[in-house]
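Colleague: Going line by line, the protein sequences match chains A and B.
The numbering used here puts the first residue of the first sequence at 1, with every later residue one more than the last.
The numbering used here puts the first residue of the second sequence at 1, with every later residue one more than the last.
It is worth saying that the hints were derived from the structure and are not from the lab.
Keep in mind that this is a model prediction, so the values were computed, not measured.
Positions of the beta carbon are idealized from the N, C-alpha and C atoms, including for glycine.
Any given hint might turn out to be false.
To be verified - Okay, the calculated bits of chain B under chain A, using three or more residues with CB under 8 Å as the criterion: (1) 22-30; (2) 47-55; (3) 96-104; (4) 118-125; (5) 141-148; (6) 151-162.
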Amino acid sequence: MTEPTLSDVLHAATRDVESHVDPTDIWYAGRRRRRRSAAAVAMTAAASVAVVAAVSAGVAGLGGSPSPAPQPVPTSPTVPDLTVDDTATAGVVGKDHLLPMSDPADWADLPAYPRDLGYWLSPERPTPLAEDPVTRATTALQYDLGGDANVVVIGDDGRWRWIDVSDHDLDDGDGGLLGLHRGSLSPDGTRLALGLADGVVVVDLTTAGTTSYPVPGLGASWAGRYAFWSPDGDSVLMSRGYWATGNDNTFAYPAGWRVDLADGEVTRVPFDPEHAALLDDGTVLANHWGVATGHAWERFSPDGDGAPLDISTDLLGVLNEATGHEDLVVARRELTARWPDRAWDRGGFVALDPEGEVVSMLPVERVDLNGGGGRVIGWIDPGVVLVAMPGAGGNPLVTLAWNVATGEQWRGPELLADTVVSLARP
Amino acid sequence: MPAPEGFTHWLAGQRTALLRSATLLTGDIALAEDLVQEAAVKVAARWERLRDEQPTAYARRIVFRDHATWWRRRRETPVGAPDAVASDRATPTTDTEVRHVVLAALATLPHGQRAVVVLRYFDDLTERQAAEVLGVSLGTIKSQAHTALARLRDHPDLRDLVGKEALR
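Pulled out of the complex, with its shape left as it was, chain A reads as follows (with noise of 0.2 Å):
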């Protein structure tokens, strides 16, 4: 007789156990939930925003003609060799390349920032956008306040206006939130766009307007919605979480979508724009990861064309959250494991050239082993990157300005960990 396996004896283990669980009580004490929630939902945002008139749905167009159903381009990840190649130096971090580490206890006692980035924990006194519309603005937040976003923007003026996005659903369906995500407000500051379930929407910060953009495909709301300006700001690039793609061994980061604001059309893009970094001029490093590939990036040029960019990173430091400016990319650097030849090396935030070459690496406490709670939250002038990291009692966040050229640091505004931001280019 066959021994059994150990997954034949945790179903005998409980092959007598039955629930008896009745759904359509089960129904209505979901739907109980959600009334009650939204009530919740309601007087909080009452609360918060109590001095923000309500305002009118905005221009409320549909400007992006129906777009014909997208056409999956396939990626084309190479196949990574999963051990270190000796010879490729892309994305290996060396000692020489380690500033001190950086403590987020210490944040308290950096100098500020030179330039005023303004106070992120709360709005301070918003104005309704279709009252006071913005020349630009230079950052927005999101605020989740029990299940309902409060989006905001900083004018360039320094003072904050409020968008109604109550046309909007953005409940992800898994008790977060769709809508604002770090690419969100454009190059120049004057549109945002925000991720739904079935596309996207932009807000012309000029006018509140708003232009409803669908892109057929998205597939789970849950797996989350993230919106890119490509830096021309001619579209918007829009992902998913991969996790929603699969379900054995198939995962792998997905193609992205990209929205063409002139007409609505909607085409594939070879790469996933969550794992991409975007450069001004139009070149695009991307990392494409699968279960079976692992990681592996590619640099695609302007025109589109795609070739493998030799970056080391699947022993030594998985790259997340790269984002680009000028010639410069910084990425969070988790660290998938320590080498005893290397037990110096640290997680937190790396510095790339567009070939992929290490230019410098800030080493972070906590933020370490897959992250540790760490963001790269964009750039704030040319050179200097803005990153985030849990405080010294986790949450909220502390922000670091930092020169990856100098090395200079900086403390930047305080933020709450379920707070998103985006902000313009410098």
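Chain A is already provided as a structure; the job is to place chain B on it using the hints.
Modeller: Positioned in the frame of chain A, the structure of chain B alone reads:
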């Protein structure tokens, strides 16, 4: 609004599997029932979004994450071992006896390892899927599964049930 047929069919088809998985996770049927009920209510509240997607995957994530939260708040060993099995370690023959042995063995594991064992060997998820449910890296799943099986190999009653090779 009456319960839609799709929701009723989904829950009727999945409730027992979810409860069995939660029982192995918690070692406590009452707690397991609470976790499954809470997950089902959350699915109901979001049914319009979930019905065409993966409600079971969503419910499973809720069960495991709520239990992790509960366990962290409790700040002690997740469950006590059930009543001791027979001291002469006669091979269990009934499902109830098997359950005692299995739950006692699982109770020796830290919460994370226990969750990985249940997801991989009861729910039959891939490592990647288990990583998604628990919100951890693939490497964590691999290492926790490896360590958990090593620990279970040291549990004499379970070893008697499944044999050492099945725990490799």
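Colleague: If a hint holds in the structure, say so; if it does not, say that too.
Modeller: Hint by hint, here is what the structure shows:
no.: 1; hint: 22-30; in the structure: holds (count 3)
no.: 2; hint: 47-55; in the structure: holds (count 5)
no.: 3; hint: 96-104; in the structure: holds (count 6)
no.: 4; hint: 118-125; in the structure: holds (count 4)
no.: 5; hint: 141-148; in the structure: violated (count 0)
no.: 6; hint: 151-162; in the structure: holds (count 4)
This entry does not satisfy hint 5, going by the numbered hints stated previously; all others are met.
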